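Chains as they are written, first to last, in the working numbering: chain V, 14 to 403; chain Z, 64 to 430.
Calculated directly from the structure, the hints in this document are not laboratory data.
Computed from a prediction, not measured in an experiment: that's the story for all the values here.
Quick reminder that beta carbons are idealized off the backbone N, C-alpha and C, glycines included.
Just to be clear, a hint being listed does not mean it is correct.
In silico PhoX-like pairs for lysine-lysine, Cα to Cα no more than 20 Å straight-line [as the list claims (entries may be wrong)]: (1) Z:Lys124 to V:Lys95; (2) Z:Lys355 to V:Lys95; (3) V:Lys324 to V:Lys96; (4) Z:Lys353 to V:Lys95.
Some residues of chain V that are not near chain Z, with every Cβ distance over 12 Å (derived) [to be verified]: (5) Leu52; (6) Pro126; (7) Leu307; (8) Cys348.
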Amino acid sequence: MSDEATTTSKSYLTPFNVIAGIIVVIGLFITALRFTKGLGAVTNLSDYNPWGIWIGFDLLVGVALAAGGYVTSAAVYIFGMKKYHSAVRPAILTGFLGYALVVIALNYDVGRPWRLPYPFLIQQGTTSLLFEVAACVALYLTVLFIEFSPAALEWLGIRKARSIVVRLTLLLTIFGVVLSTLHQSSLGALFLIAPAKLHPLWYSPYLPVFFFVSSIIAGLSMVIFEGTLSHRFFADKMDEEHLKEKDTVVLGFGKAASLVLAGYFIIKVIGVSEGNNWHLLGTSYGLWFLVEILGFVALPCYLYAIGVREKKLNLIKWTAAWTVLGIIVNRFNICLVAFNWHLPSSERYFPHWMEIGISVFLVTVGLIVYRFIVSRMPVLYTHPDYPDEH
Amino acid sequence: MSITRRRFLSWLGAAGLSTAVGNTANAASNRQFTGYPESNGVLFDNTRCIGCRKCEEGCNKVNELPQPDRAFSDLSVLDTKRRTTAKTYTIVNRYDDIRSNANGPMYRKVQCNHCLEPACASACFVRAFSKTETGAVIYDASVCVGCRYCMIACPFEIPTYEYDSAFTPRVMKCTMCYPRISKGLLPGCVEACPTEALTYGKREDLLRIGRERIRTFPERYVDYIYGENEMGGTSWLYISGAPFKEIGMREDLGITPAPKLTSGALSGVPIVVGLWPVLLTGIYAINKRKQKIEKDEKEQAVLSAVKNAEAEAEAKLADAMQKAEKEKAAAIEKAVAKALEEAAKAKEEVTVTDVEEADKKSTEEDS
């Protein structure tokens with residue numbers, strides 16, 4: 014008996030649990046501070062810089078990296094690529110958790126979070142792109158919840174409800190793609206109203222298109238990236254189908270990512286031409302812009318292509334991680350680096366450590382919940398009682 | 064009084080005509096909002112400004128803002144460049160090195176410009192901002208969520224936020240003293256200005272006054288009224304003795320009103336909602352059909368393969384049968400031939416014996 018107790022308590026003290034535990038404690042402390050002392054106490058936000066990393070990272074990056082849900086479900090259920098079926102559930106779970114965290118993060122960022130339903134219930138500011146973002150994110154979170162529910166219902170053994178939801182798959186997928194197209198692009202369109210503040214190399218009337226297309230890249234790369242991590246840590250949870258399809262998914266998604274990156278590179282070049290901003294490439298902002306589109310767009314496009322052609326799975330996986338980093342760089346550039354570029358450096362924003370703390374805290378919470386769910390629900394394997402899935 | 068038939072018809076005609084004409088005119092033109100008619104504004108003439116900060120003080124008093132750390136009479140505050148804050152709706156900055164002006168420093172007053180088509184109002188997702196017919200752009204804290212998108216959107220960097228308030232943070236900005244001007248009073252800053260650097264009045268009149276001053280003293284002014292067209296026009300107007308760039312005002316804002324910058328993206332929304340489901344269902348249907356055809360073809364292939372195999376087997380069987388029959392026939396023929404041959408042989412033998420016997424006979428006869 015006592016032996017058993019020690020082994021249990023020992024098994025809880027894994028490095029992951031310890032680090033996650035510390036982060037959660039710090040996160041809760043900052044949370045308490047944020048909601049009792051106000052934004053000023055925990056952030057470096059100012060009148061010049063009203064948006065910091067809680068928007069730049071938690072909202073913009075969070076939503077982009079959660080795009081795997083709509084990309085994968087569209088590939089499988091609309092484009093009929095059934096060989097990627099095993100990637101759908103993990104992608105939808107990540108998407109759902111991603112969006113849930115985005116909404117939680119917004120509660121930290123807005124001044125009066127308890128009024129978040131106001132734009133829907135009290136007064137609708139339909140001329141605002143933020144209204145569109147809010148409406149789509151709220152609806153899409155609901156769609157993702159329903160899309161994910163079969164896994165939970167199988168786990169709980171509620172057959173009837175599950176079969177109803179499964180029959181809605183196509184409808185939900187189409188709804189999900191429509192909503193994702195809208196809010197992924199609208200996040201870029203948010204900045205259309207500020208041409209005077211965003212550096213001309215990043216400001217473009219095509220911003221919504223850039224954001225939408227890069228969200229597809231983010232979605233594809235995240236599925237590869239996260240599949241690799243899942244395989245490393247949850248291989249025991251995977252069934253034969255998942256293990257067998259794993260490499261197919263990596264190759265197929267890598268190929269698609271290479272293609273979309275090529276398209277994205279072309280439209281980014283068109284963006285520079287449209288504004289006739291070539292002369293700005295020689296400035297320091299121009300160099301940073303070149304780093305972004307050569308280092309984080311053209312390079313991964315090439316590496317993905319090589320990886321797929323020569324079937325180098327490891328190269329594809331590393332490229333996926335690099336591309337995810339590239340998405341973060343892009344969103345940060347638009348929201349923070351190239352935004353307010355005209356201001357003197359003394360007026361520029363750099364995040365307070367507590368802002369970073371909350372972002373890390375939320376990602377950690379996401380990982381914990383992901384782990385909780387995949388170790389219980391049929392996400393990485395097909396439930397033996399419901400083999401008719403495909 | 065009853066309505067006569069003639070009057071009724073004329074109403075009807077007018078209604079019909081105005082509907083038709085109004086719509087066509089709107090559809091054909093590039094619609095432009097040039098501000099509410101008769102709306103008010105303020106003209107700031109920086110050649111008259113002496114940097115006394117009385118306007119700041121007046122603003123602070125009438126808006127009941129918190130007392131500043133340093134008194135309004137302390138002009139050393141002007142040594143640093145300031146901006147509007149949550150505690151100050153307006154500030155005055157001093158610009159020392161004006162190249163074109165040898166008469167010493169120039170001043171510029173900063174406050175909300177009260178755009179004709181405000182970026183903040185366009186960006187707000189709860190419609191907390193509104194452009195009133197007085198010209199003032201006002202803010203309703205009772206619905207504000209605190210997303211601060213208005214601050215991102217404002218090209219003049221005017222709105223500020225009460226970051227230090229945990230429970231009731233508000234966006235703070237100049238209201239053109241909306242409560243006062245609604246009662247016919249002057250805005251606090253205008254009333255406090257001792258040099259008439261600020262003129263409150265109808266925007267149309269202010270434009271005329273500005274042009275008149277520039278025309279009368281061309282050597283004193285830059286030939287430009289700032290705010291006449293910036294971001295689609297603002298209710299606050301500026302004339303200056305120095306290029307606007309040199310007194311910290313941006314000359315690269317353009318004349319497009321903020322709502323126009325996002326209207327294209329917004330107009331894409333219903334199109335996506337309308338067309339995406341059609342497109343996606345189409346792709347789904349095409350793929351489903353492709354898969355069905357694939358399946359059918361597979362079945363067909365299997366079926367025809369089986370059929371082929373069957374036919375082949377049959378043919379083989381028939382072939383074999385035929386061969387067997389042929390062989391049988393051949394064997395029979397062979398047997399028959401053999402028998403005939405044997406018979407013929409026997410017959411021959413008999414004949415030979417006959418001949419021999421005859422020969423014998425003749426020999427005997429000869430002897």
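Hint check:
no.: 1; hint: Z:Lys124 to V:Lys95; verdict: 70 Å, violated
no.: 2; hint: Z:Lys355 to V:Lys95; verdict: 14 Å, holds
no.: 3; hint: V:Lys324 to V:Lys96; verdict: 17 Å, holds
no.: 4; hint: Z:Lys353 to V:Lys95; verdict: 13 Å, holds
no.: 5; hint: Leu52; verdict: 5 Å, violated
no.: 6; hint: Pro126; verdict: 8 Å, violated
no.: 7; hint: Leu307; verdict: 28 Å, holds
no.: 8; hint: Cys348; verdict: 9 Å, violated
The structure shown violates the earlier hints numbered 1, 5, 6, 8.
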